[in-house]
Amino acid sequence: MDVVLFLLFASVAVGCAINLVLQTHPISSALSLIGVMGSLAVLYLLLGGEFIAAVQLIVYAGAIMVLFVFVIMLLNAGAEKRPTRKVLRTAVALPLLFTLAGVGAWLAATQTPKTDAVKFGAYTAGPAEVGRAIFTSYLLPFEVTSILILIAILGAIVLARKEI
Amino acid sequence: MPQLPIALPSQVPLSWYLILSVILFVTGAAGFLLRRNIITVFMCIELMLNAVNLTFIAFSHKLKQVDGNVFSFFVMVVAAAEAAVGLAIILTVFKNRSTLEVDEVSSMKL
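As they're listed, the protein sequences go chains A and B. Here this note's numbering is used: the first residue of the first sequence is 1, the next is one more, and so on. Here this note's numbering is used: the first residue of the second sequence is 1, the next is one more, and so on.
Don't take every hint at face value.
As the list claims (entries may be wrong) - Listed below are the simulated DSS-like cross-link pairs for lysine-lysine, each with C-alpha atoms no more than 25 Å apart in a straight line:
#1 B:64 to A:119
#2 B:62 to A:114
#3 B:64 to A:114
#4 B:62 to A:119
Quick caveat, the hints were computed from the structure, so don't treat them as lab data.
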């Protein structure tokens with residue numbers, strides 16, 4: 001059952017990711033990205049990350065993607081005008097990327113022990129565990145993050161003003 | 001249950017999650033390098049961040065420690081801040097240049 005769920009949502013994620021890169025219209029790309037994030041949330045649940053799965057749906061697929069779609073609508077962004085026909089760039093980039101993928105996949109397949117299997121329910125990190133870790137051992141990074149968000153809000157307001 | 005043509009393992013190996021993460025990351029990198037629309041480039045960055053998050057959660061499950069979940073929470077927070085600032089920058093660029101093509105916003109290039 002785990003394997004079927006994993007294969008189903010992993011293929012949805014990969015399909016949506018490839019669709020994201022291939023689509024020329026930004027709205028189609030944004031919808032594909034929401035598909036990737038939704039299926040990744042299911043994979044997080046399979047891995048026991050209950051809190052992160054919820055946050056993934058609320059913050060990523062919810063808030064951040066609404067921001068993206070809002071900006072696409074605001075700028076009235078259409079499809080890319082000239083299709084990307086940069087032959088040399090593509091010819092150099094694609095083999096290098098395939099090499100990166102191959103080396104990464106080979107490392108992942110050979111360097112992890114064959115007995116390492118993800119057993120559903122063997123470990124769960126719900127809100128209680130994550131909250132305890134954040135507010136005890138990760139308290140300082142958490143507070144620094146709040147300052148980061150404050151600065152990001154100020155920066156967004158300054159950048160989006162009229163006279164720049 | 002019908003017999004499948006290939007024998008599936010009864011549990012998902014950890015390496016499958018890592019390989020999925022590699023595939024998503026490389027797809028995002030490909031989009032980042034090859035696409036010219038600035039918003040799509042930005043979405044490809046989010047895709048790469050998501051791929052790394054999957055690795056964090058997978059190792060958190062394998063090591064049975066909560067730290068991976070906490071790290072991926074921080075990654076999400078930074079991604080949210082980055083999205084807010086980045087989209088504000090895109091708005092400003094569009095206001096000044098009236099274009100979303102990254103090739104046409106290259107005045108800092110030598």
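Quiz item: Hint by hint, which ones does this structure get wrong, listed from lowest number up?
Solution: none
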